[in-house]
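Visitor: Produce the entire structure from the sequences given, and follow the hints as far as they go.
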Amino acid sequence: MKDLLELAFSPIHFPLTLLLLAILLYWLTVIVGLLDLSTLDFDVNADGHLDKNIHVDLKTRRNGLIWLSFFHLGKVPFMVFLSFLVLFLWSGSILGNYYLGNQSVAVAGLLFIPNLVIGLLLTKFATFPLIRVFSDGKNEFETNRDVIGRTCVVLLSATNQKVGQAEVTSASGAPLLLTVRTTEDSPIRRGEKGLVIDYDDASHTYLIEPFDP
Numbered sequence: 005m006k007d008l009l010e011l012a013f014s015p016i017h018f019p020l021t022l023l024l025l026a027i028l029l030y031w032l033t034v035i036v037g038l039l040d041l042s043t044l045d046f047d048v049n050a051d052g053h054l055d056k057n058i059h060v061d062l063k064t065r066r067n068g069l070i071w072l073s074f075f076h077l078g079k080v081p082f083m084v085f086l087s088f089l090v091l092f093l094w095s096g097s098i099l100g101n102y103y104l105g106n107q108s109v110a111v112a113g114l115l116f117i118p119n120l121v122i123g124l125l126l127t128k129f130a131t132f133p134l135i136r137v138f139s140d141g142k143n144e145f146e147t148n149r150d151v152i153g154r155t156c157v158v159l160l161s162a163t164n165q166k167v168g169q170a171e172v173t174s175a176s177g178a179p180l181l182l183t184v185r186t187t188e189d190s191p192i193r194r195g196e197k198g199l200v201i202d203y204d205d206a207s208h209t210y211l212i213e214p215f216d217p
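If you want this note's numbering, it's the position in the sequence shown, counting the first as 1, plus 4.
A couple of the hints might just be wrong.
As the list claims (entries may be wrong) - Ranges of calculated distance between the beta carbons of each label pair, as one might list FRET restraints:
no.	residue 1	residue 2	range
1	202	117	43 to 49 Å
2	216	99	19 to 25 Å
3	122	35	46 to 52 Å
Unchecked claim - With a straight-line Cα cutoff of 35 Å, these simulated DSBU-like cross-link-like pairs (lysine-lysine) come out:
no.	residue 1	residue 2
4	166	197
5	128	166
6	128	6
Just so you know, these hints were derived from the structure itself, not from any lab. Beta carbons are placed, not taken as given, at the ideal position from N, Cα and C, and that holds for glycine.
Guide: Listed below in structure tokens is the structure:
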């Protein structure tokens, strides 16, 4: 364990180790509820239709990253994709440089290129089983505003100042995830129902209010 820590914090591995620690911190904040899964997420689709991968409300496009959809970026949340990629990059860097006996930063930089290719391929295979988990499948929603008037179940608590996450069930039974805010200061907590009453194009969030059937 001591040897692994020394390797991880050596100059040739330190940048990836730091990035891995940042991702671990991110997931810790997700677990305790300080952040949600949509934080730092974005859509890599090039068309203008409703995103049917994970977040139908995130319309930011990154055309230069469309090629990454081959490796399932956009089919799973960005942070899930990045977490697997960084883990594989870090592991490949540790193992590759260790077995090659390399201590040179320059050589490690050259090894990063094949390491990245291998990491992307491993990430593609690792995230493949998760596509169905994060995909909403086919649904009847063609635009963001088609969701207005539907009831949702809150997955991450939301207020009018703090975004949360809610789930709408489509006619096909597939879940649709939304980034939401509430109409009042009082939160709608996890497990409670809400009614989608509006969509804010500026913040790409849905406005919900408590729903009492």
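Visitor: Please go over all the hints and tell whether each is borne out by the structure.
Guide: Against the structure, the hints come out as follows:
1. 202 to 117: 43 to 49 Å: 47 Å, holds
2. 216 to 99: 19 to 25 Å: 56 Å, violated
3. 122 to 35: 46 to 52 Å: 29 Å, violated
4. 166 to 197: 17 Å, holds
5. 128 to 166: 33 Å, holds
6. 128 to 6: 32 Å, holds
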